[in-house]
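Peer 1: For this one, chain A is given, so just place chain B on it according to the hints.
Protein chains in written order, with the numbering used here: chain A, 28 to 138; chain B, 1395 to 1508.
Simulated from the structure, these hints should not be mistaken for laboratory data. There's no promise every hint is true.
[Unchecked claim] Here are a few chain B residues that face chain A, going by a calculated C-beta distance under 7 angstroms:
id: 1; residue: Met-1413
id: 2; residue: Gly-1436
id: 3; residue: Leu-1439
id: 4; residue: Tyr-1458
id: 5; residue: Gly-1494
Quantities reported herein were computed from a predicted structural model and do not represent experimental measurements. For glycine and all other residues, C-beta sits at the position ideal for the given N, C-alpha and C.
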Amino acid sequence: QKEVEQDPGPLSVPEGAIVSLNCTYSNSAFQYFMWYRQYSRKGPELLMYTYSSGNKEDGRFTAQVDKSSKYISLFIRDSQPSDSATYLCAMSDNSGYALNFGKGTSLLVTP
Amino acid sequence: NAGVTQTPKFQVLKTGQSMTLQCAQDMNHNSMYWYRQDPGMGLRLIYYSASEGTTDKGEVPNGYNVSRLNKREFSLRLESAAPSQTSVYFCASTRQPEAGSPLHFGNGTRLTVT
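Chain A extracted, bound-state conformation (with noise of 0.2 angstroms):
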């Protein structure tokens, strides 16, 4: 079993809606959750950060995550066709260099 899970989709919404998307783990030890948003034929970049549990909130975008459940999201807002892409969620333990990533979920979001 991998340590970090995600649908790979594809998910089509159209314009205006709200969007949920979502990683599960395995391993308690993880500490730090990011969110990557990769558009076509481009590297990844990094959309959100979220140490530990909690909510964190930048513009449309809202991260949370739930330690006790090993689960994070990440929700977009009045959703653009900008915002299609597909996207990666990311994490780490205090003890290592390197990051785990999901597989991604791609994101169509129609006018």
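Peer 2: Positioned in the frame of chain A, the structure of chain B alone reads:
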């Protein structure tokens, strides 16, 4: 403000050929990484360099070698390419080799081995 630059952007090799993928960053970062991304597999770490002068294996190092040429540059070499190495290769960097440090990625090298 280039960030992480990878060359070449595309490459086609025949089985058994060798090549070096180049990566350079201009952010004065200490740590650099090589990942490969395959459909259905996600991003997998090949090698990383926590600081200049050090390199370590990641999850999938077989068939690859790396060189940390200086603080800015980190290259990935395929000595004898195989079709299983067809992939998109991403170089990334981060300021400090510490847990949870966010990565900055280049735009990838798309490699096909026939």
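Peer 1: Decide, hint by hint, whether the structure agrees.
Peer 2: Hint-by-hint comparison with the structure:
no. : hint     : verdict
1   : Met-1413 : 20 angstroms, violated
2   : Gly-1436 : 4 angstroms, holds
3   : Leu-1439 : 5 angstroms, holds
4   : Tyr-1458 : 15 angstroms, violated
5   : Gly-1494 : 3 angstroms, holds
Of the hints listed earlier, those the structure fails to meet are numbers 1, 4, in rising order.
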